[in-house]
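Asks: Make the complex out of the two chains shown on their own, each in a separate frame, by following the hints.
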Amino acid sequence: MATLAHDVDGTRRRRNPLPTLADANEDISRPILVPSWRYAAVLSVAIAGVLLGGTAWAYQIYRGIGVAGINHPVGWGLYITLFVFWVGIAHSGTLISAILYLFRSGWRTTINRAAEAMTIFAVMTAGLFPLIHLGRVWYAYWLFPYPSQRMIWPDFRSPLVLDVFAVSTYFTVSLIFWYTGLIPDLAALRDKFSGWKSKLYGSLSLGWTGSIREWTHYRRAYLYLAGISTPLVLSVHSVVSWDFALSIVPGWHSTIFAPYFVAGAIFSGVAMVITLMVGLRFAFGLEDYLTEYHFENMAKLLLLTSLIVGYAYAVEYFLAYYSADPIEQESFLWRAQGAYQGPFWIMVFCNVIIPANLWFKKIRRSIPALFVISIFVNIGMFYERFVIIVSSLAHEYVPSGWGLYTPSWVEIAILIGAFCWFYMWFLIFAKMLPTISIAEVKEHLEHGKEHGHAEARAGHPGEFE
Amino acid sequence: MSAPKAGSKAGLIAEYGSMDSTRDAIAALREAGFEKLEIYSPIPAPELEEAMGIYHSPVRLWALIGGITGCTLGFLLPTGASLAYPLVTQGKPIVSIPPFIVVMFELTVLLTGIFALFSMLVHARRPKLTLPSSYRREFSVDRWGILVTTDPQQQAEAERVLNETGPLTVEVTP
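If you're matching them up, the sequences are chains A and B in order.
Using the numbering used here, the first residue of the first sequence is number 670, and each one after it goes up by one.
Using the numbering used here, the first residue of the second sequence is number 191, and each one after it goes up by one.
Okay, chain B solo, but in the shape it has when bound (with noise of 0.2 Å):
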């Protein structure tokens, strides 16, 4: 294990065999006042998330505003068409409400699932062209990854607190 650069923060990177040593992990992290973590998890994890005290998501407002635009462009849009070109067909009204509720479901449908998409991938700082140097191949396999950033004084205690929640291994990583 090389000595990290002085000034510079250091990380730690623990490998762990399964979801409930990581969350354990995570406590006696955050027990010890280090809260600056990274956890890496091949599968979704809400017990990590929970571990780590994240609860909410923007995404769901994200959602909410596309779907509220795609109800209103899908009123404006069949509104707006039948009032440019205004023919009476079949008897019904220039204005029928009833058809245009199909168009305004359809696009708010298709502006919640584009915003969900879009606001997902901004959220997560998604597209990335590299991989953290933290990244080990095996957290897509069977392995979770905690790394934690700290202060150079501070890496001693860190991995102190780490080896003593049974990780498989631990490395300094630039």
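Isolated chain A (complex conformation) (with noise of 0.2 Å):
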């Protein structure tokens, strides 16, 4: 019963009493790098999807944007799709790791490392499209502001300059505060190992002790870091939202943009966490760390932003009527009548629909209705991010500007391969790195134990702070 948390149904074996320090410091460690065949199993068809995924970049590369299906009037297609995509799906990672952290929320403490880990994976993918959208990828450089021989600066006035700003900044301080969490336990390793192990994990850890004078200074760094990505996570999205919203395409000129889009970052990253953590839990036997209490509030977090996700898809149509603007309200009943309406009714049905069974208590706590419905929610965000960019482009002003978009096999390759890119990252990740903050667990556990497990067993294990 005394668990980490509390457990309803009882229906899987806990330890009991709660695990201790060094149980906690073991069983996260259990699985960094192990071999195992089934691992490589997995790693490989990663892998290969990565080589199937680059193969096709560098045919694109080879050959020419043309052999993409963007062309006019549909300019942006998948790629921007995906990036807008992965760059969602990042946001929830730090939504819980820094925002939930100032709330002082103590659910988050079995989930954040893999959450960040995710971040910085998918915006390692996200990074990935604007370079393959641009077709002439040896121009990249052309993006950041550089003192050039003929003193030509990008214009800084546009959305698509702010986005660099944005992205780059959000994978630094990103990438910044996972490692900063990351330094204790890399500690841990290197004291749990020996040889050419602890050496490694001695390095990363940057030959941390734990004395109270390197605690002092870091707790003040990670709270300043988390303080910092909690607005740095609602920019992002929002500067994404705006490379939209300041054009004048139909269905993308809305002040709702930024809100919209992070909402829907957050509930599609959401999706994601679940999806990785029930895979996690389930690899490395986790039972006992990541419980169905910190499931349901994953799943409660989900149905708020579905909420929000579904209230923003309504104001749009309404905001679309209320303009008396026939070529905007043209454009919104297109989306659902038409060419473009199974990618439009597939993305209410998984992003509305589906997700209103977590009004269950019972789906809630159960973890295979979980992962089904954020594999669901992970399709729907896909086609949402599908629907505003290529229904707004096919469906502009005036009819003989009007053109519909097919993706080609080289993009659909190239999303095959954005995947397998981040699970591969993934999968790296979890077999490398503790895959839950080993400090964090024992601090939560540390107080649990001093306050006579009464929290731990009213089933809030983190609210001791």
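Derived by calculation from the structure, the hints in this document are not laboratory data.
None of the values given here were measured: they were computed from a predicted structure.
We put the beta carbon where it would ideally sit given N, CA and C, even for glycine.
It is possible that part of the hints are untrue.
If we take Cβ atoms under 7 Å as the criterion, some of the chain B residues that face chain A in the derived model are [unchecked claim]: (1) Pro268; (2) Ser286; (3) Ala306; (4) Pro317.
Replies: Printed below as a string of structure tokens:
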């Protein structure tokens, strides 16, 4: 009963009493660097997918951007869809690690490490797409403000340039935040292993000893990193949304875009966290640490953001009606009835109707059900980005300028490659680093011990602080 | 327990099994006049910082300096670039403040983060290639440690105070 978290149905046998600090150390670091053929098989599939995507990209560079389906009038297709999708996935990692840290939500403790890793790998995936979309990728440096011989500078009034700043800052700060959190755990791994493994983790831990001076500065730095990551996460997807909202394309030119995109980003990200966490829990036997309690909290977050996203869909239609602009109205009617009605209704079904199941507590606490719902949301959010981007461009002002878009095999191969690229990094992370923050779990266990398990029994393992 | 060399500062390293006993031991040692203490903890330990009388970290100031630097750079870069290559787009002024605020904000965050990380490392005296001889592997698992550095003649007294606080082990360390 008294485990790290409360277990209502008690179906799973857990450790009783609470795991000790040494148990936590051992359980979390057990799978690290242990070879397994299953892992190798899954990783090889991911690497094969990356090779497929890489080959397709190489082919596109060789032949030119014409091998992709994007053309006039739909100049932004699957590549930009995937860029927005992956930046969105990244967001909930920062939400869980930074915002919930500031709110002292204890349930984030066991999730934040993997969620932050997901953030970094998602931004790494997203960052590829502007390059892929460029076609002539060797001109990518034109995006950056550098003192060129001809004194030509980028236009800082363009959201595309702002995006470069937003996404690269987001990647750097997320990486710093993640690494700072990892330092004490790397030291724990150094002390667990011997030989070259100890040397490897020892050098990564920068010689951390956990002395009180180190902790003082560390806690400060971590707090400020959490503090600055919080507004950062809200800014990044806002800037991404302005790539669209600052144009005059009907369906894009709307002030609702920034909050709408941020809510959608957190929605898709939480779904991806659930998908990955179910996998980790299953693969590494982390039932003591990732309990129904944690999944239920994530499910609540998923439900909340699903409602916001559903509301945003409705408001978009209301705004189109209320604008009294026939072009805007036509654009939105066409979205639900025209050539892209399939993606549109998939989007509504996956993002609004399926997550409504989460109103039921039984479903929120059922890990298989959550896994299925999270997959639906992942698909739905991909289609949301697709619908916003493609259906708006395909149906602009003048009928002679209308046109449809179908992804080519190159784009599909790169899509597969992108997912495999993301999972490849996540798999490497899961084998190399602790997927749960050892120091933070121990902190909670220690506090729980001193407070007589009361909170742990009540099902609020984190709220000691 | 071997006797320390004459004239050298001696160190005693004591191991504890919980945060509470470590905190009590720190209080007892400071009460007895031993101020040269080094504490090891496997988890963040605000209680122990308090017991040691540490309240502030200069990381705060560095983060602020980083933020101000970033904000300034974030204004100067787009302004300077726009003035160096003045091209009217969208009918907007050459120096358009609203879009530049995004750059100012992003660089504020970026430099705050970088300054926070590096000032943390500098003040914590990391990176280091070797671990101190008083360090034990258990300090990253589930043990707390107190290293008392004293003059050799006070070592017996320090050991007596330490033993009263219920440590798991007490050892002399070079």
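Asks: Looking back at the hints listed earlier, which ones does the structure fail to meet?
Replies: Hints that this structure does not satisfy do not exist here, as all of them hold.
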